[in-house]
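Given the coordinates of chain A, assemble chain B onto it according to the supplied hints.
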Amino acid sequence: MSFDQFSGTASYIASDDLKHAVNVAVALARPLLVRGEPGTGKTLLAENVSRALGLPLLRWHVKSTTKAKEGLYVYDTVARLHDSRFGDGDVKDIARYIRLGPLGEALASDHRVVLLIDEIDKADLEFPNDLLLEIDAMRFRIDETGREVVARERPIVIITSNNEKELPDAFLRRCVFHYIEFPGRELMQRIVRVHHPDLEDKVLDQCLEVFYGLRATPKLRKRPTTSELIDWICALRKAGVDLARVGGGIPFLGTLIKTEQDVELIGKRAKA
Amino acid sequence: MLVDFLFEMRRHKLKVSTHEWQALMEALALGLHDSSLDGFYQLARLVCVKDISEYDAFDQAFLSYFRDVKTDALELARELQAWLADPHLLAQLTEEQRQALRAMDLDKLRELFEQRLREQKERHDGGNRWIGTGGTSPFGNSGQNPSGVRVGGGGQRSAMQVAEERRWKEYRRDVVLDVRQIDVALRGLRQLGRDGADEELDLDETVDETCKNAGDLELVFRPPRRNRVKVILLMDVGGSMDPHAELASRLFTAASRAGRFAKFRSYYFHNCIYEHVYEDAAFRQRVPVSELISHSDRDEKLVVLGDALMHPAELLDPGGAVYFYANNRTPGLEWLRRMAHHFRRAVWLNPEPDRYWSGTTVEVIGSVFPMWQLTLDGLAGAVRYLVRGGARPTMPNPSNWARMGIG
Numbered sequence: 001m002s003f004d005q006f007s008g009t010a011s012y013i014a015s016d017d018l019k020h021a022v023n024v025a026v027a028l029a030r031p032l033l034v035r036g037e038p039g040t041g042k043t044l045l046a047e048n049v050s051r052a053l054g055l056p057l058l059r060w061h062v063k064s065t066t067k068a069k070e071g072l073y074v075y076d077t078v079a080r081l082h083d084s085r086f087g088d089g090d091v092k093d094i095a096r097y098i099r100l101g102p103l104g105e106a107l108a109s110d111h112r113v114v115l116l117i118d119e120i121d122k123a124d125l126e127f128p129n130d131l132l133l134e135i136d137a138m139r140f141r142i143d144e145t146g147r148e149v150v151a152r153e154r155p156i157v158i159i160t161s162n163n164e165k166e167l168p169d170a171f172l173r174r175c176v177f178h179y180i181e182f183p184g185r186e187l188m189q190r191i192v193r194v195h196h197p198d199l200e201d202k203v204l205d206q207c208l209e210v211f212y213g214l215r216a217t218p219k220l221r222k223r224p225t226t227s228e229l230i231d232w233i234c235a236l237r238k239a240g241v242d243l244a245r246v247g248g249g250i251p252f253l254g255t256l257i258k259t260e261q262d263v264e265l266i267g268k269r270a271k272a
Numbered sequence: 001m002l003v004d005f006l007f008e009m010r011r012h013k014l015k016v017s018t019h020e021w022q023a024l025m026e027a028l029a030l031g032l033h034d035s036s037l038d039g040f041y042q043l044a045r046l047v048c049v050k051d052i053s054e055y056d057a058f059d060q061a062f063l064s065y066f067r068d069v070k071t072d073a074l075e076l077a078r079e080l081q082a083w084l085a086d087p088h089l090l091a092q093l094t095e096e097q098r099q100a101l102r103a104m105d106l107d108k109l110r111e112l113f114e115q116r117l118r119e120q121k122e123r124h125d126g127g128n129r130w131i132g133t134g135g136t137s138p139f140g141n142s143g144q145n146p147s148g149v150r151v152g153g154g155g156q157r158s159a160m161q162v163a164e165e166r167r168w169k170e171y172r173r174d175v176v177l178d179v180r181q182i183d184v185a186l187r188g189l190r191q192l193g194r195d196g197a198d199e200e201l202d203l204d205e206t207v208d209e210t211c212k213n214a215g216d217l218e219l220v221f222r223p224p225r226r227n228r229v230k231v232i233l234l235m236d237v238g239g240s241m242d243p244h245a246e247l248a249s250r251l252f253t254a255a256s257r258a259g260r261f262a263k264f265r266s267y268y269f270h271n272c273i274y275e276h277v278y279e280d281a282a283f284r285q286r287v288p289v290s291e292l293i294s295h296s297d298r299d300e301k302l303v304v305l306g307d308a309l310m311h312p313a314e315l316l317d318p319g320g321a322v323y324f325y326a327n328n329r330t331p332g333l334e335w336l337r338r339m340a341h342h343f344r345r346a347v348w349l350n351p352e353p354d355r356y357w358s359g360t361t362v363e364v365i366g367s368v369f370p371m372w373q374l375t376l377d378g379l380a381g382a383v384r385y386l387v388r389g390g391a392r393p394t395m396p397n398p399s400n401w402a403r404m405g406i407g
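Protein chains in written order, with this note's numbering: chain A, 1 to 272; chain B, 1 to 407.
Here chain A stands alone, though its shape is the one from the complex:
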């Protein structure tokens, strides 16, 4: 298998560093941990790796209440009790009440898959540690039935984190880590082009000028990101606003700036 497997897709522009990171993770068969500002396309990365490599994608969106075991499988005891009470189905067959979670499915799959573990930092502090064994050995056991699930092909695991919580060292040791930097102007131009292919160069330049100007505003609580820029341009075009002719204020500021304090701050600076 060649090394340079992933090189972005038509609708997803990845920086060279990011492509390299994905390829290293695939070559070393280790999970890739991506962090970065919200809106830098962390979650989209997994979708596009799956598309570029032609592998199915399994998603596991982690929430604050998610337990590690749920990713492997869930044993629906209440359904079984219910069935035994009302005589529905074969209660003796426990396997019928075992439902595989996303990680379990990825390991049980006959062919290679891409597994996205989204926002791993949202769950309990110990959550990543509970996954260590399964990620290392790529196998797990369903205690209720005694079935041992062993992965035939190591899935490509992509984990995203918003940097909210520190992840445990033991977990980090097993990952390849990449921080998605906020795209520079040139890369951003290419990204916007993907979404608005027929945008005039001059207009794009003006938009980026305003956008990076906003991002550079000191003391901003939440700086606008890529997805907001794309929404903003979309709004500008739908309304047919010409940036060059609008004096002073920024039209549709609400698509870029999302907190009251920031709107106030931008207003003050515009006046000054």
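The reader is advised that the hints may include incorrect statements.
[Claimed, not checked] Counterexamples of contact, computed for chain B against chain A with all Cβ distances above 10 Å:
hint, residue
1, V49
2, G238
3, T253
[Claimed, not checked] Which bits of chain B does chain A cover? Going by a derived footprint, with three or more residues having C-beta under 8 Å, they are:
hint, segment
4, 198-208
5, 356-369
[Said to hold, decoys possible] Below, a list of computed lysine to any residue pairs in the SDA-like style, where the Cα atoms sit at most 20 Å apart:
hint, chain 1, residue 1, chain 2, residue 2
6, A, K63, B, K15
7, B, K15, A, N129
8, B, K263, B, R225
Just so you know, the hints here were simulated from the structure itself, not pulled from any lab data.
Values in this document were obtained by computation on a predicted structure and should not be read as measured data.
The C-beta atom is built at its ideal place from N, Cα and C for all residues, glycine as well.
Just chain B, lined up with the frame of chain A:
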């Protein structure tokens, strides 16, 4: 030896283990570093560094280990860049040639590089010895030597330039914090227990009860797990704390967030704690400290936020309080001791950088309260101590100084 780079990284407090080092070696064997220093920089960072706050330390380690390579490259740069910029067609190497080239190690390579550089007088393309474009010499651009040193080119900034720039500096962990970071650090401050309304399905009990009920489904609920930690926050306001007011308010915002702790109380004081603390920052609502102590459970967590900087007399003398009407009969230090004694776990967070602590009242107070600087690291340390106990930070013994200070 490249392994020195591992120790260089560890010297810069990067948590690199053999685990990562082996992965890096594996990756190098697979040729993932693209046979260049830039590639190596990328690869080593991917595999060895796990947090953006450590990128800066990595840059420093990289710089100090590969410094020599860099100075050489810089001297070269001006002359070489020009003709390295237009690579000629790559020579197609045989497998044997590649094998032979692979054998060179970095030290030897560096040595050779400098030597060649001294000898070489002109532009060179192709061939297997001189620095130039194409060819199989270990030095130059667009060549095919797998263990070679790349000189510029590639259209990207070199690893050295990237490292030199140190643009990850602002992500370092030991700088001051915003509310969200404090939030995250405080999440560690919890001890879970079950109380409140029954909202969660208790599976084991449900099975038990259903069996006892002869198979008739009997659902059992229990209260969800909640944080049981109770926190008292004492904040120093005014005077020397004014520059830290913003930071203090961030800590307060994060700590007082609803639902964070089972119970949260906050009080204010000025400079040092004497008979009273205050419920408001304007010092109108007095609360006697003795009352505060007697009304608080020993297991509540006491967090004091202050710079602990004052005139020694304010801390050590009876009647030393800055307000003349608050003629305290018991010195401030004694009040601090009483509090530190009452609470099983109490910490002092100091916004003042720890390099300014020595030889001041900070050290005296630091010997009473375990003290951390209010940074991400410090806060994490304090939270760990509040939950699990364990080692407290060491303070130089202040007794000598204290004697001197009072005279």
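**OP:** Compare the distance between the alpha carbons of K15(B) and N129(A) with 20 Å, and conclude whether the hinted pair is satisfied.
**Re:** Satisfied, since the Cα-Cα distance of roughly 17 Å is no more than 20 Å.
Subject >> Beyond 10 Å from every chain A Cβ - status for T253(B) >> reply: holds, 13 Å
Original post:
Are the Cα atoms of K263(B) and R225(B) separated by 20 Å or less?
Top reply: holds, 15 Å
Original post:
Just checking, V49(B) versus chain A, shortest CB gap more than 10 Å?
Top reply: violated, 6 Å
**OP:** Verify the coverage statement for the segment 198-208 of chain B against chain A, using a C-beta to C-beta distance below 8 Å and requiring 3 or more qualifying residues.
**Re:** Holds: 4 residues of the segment 198-208 of chain B have a Cβ under 8 Å from chain A.
Original post:
Within 20 Å, alpha carbon to alpha carbon, are K63(A) and K15(B)?
Top reply: violated, 28 Å
**OP:** Beyond 10 Å from every chain A Cβ: check whether that's true for G238(B).
**Re:** For G238(B), whose nearest Cβ neighbour in chain A is about 24 Å away, the distance exceeds 10 Å, so it holds.
Subject >> chain A over the segment 356-369 of chain B, status - at least 3 residues with CB closer than 8 Å >> reply: Three-residue rule not met by the segment 356-369 of chain B, so violated; n is 0.
When each numbered hint is compared with the structure, violations occur for hints 1, 5 and 6.
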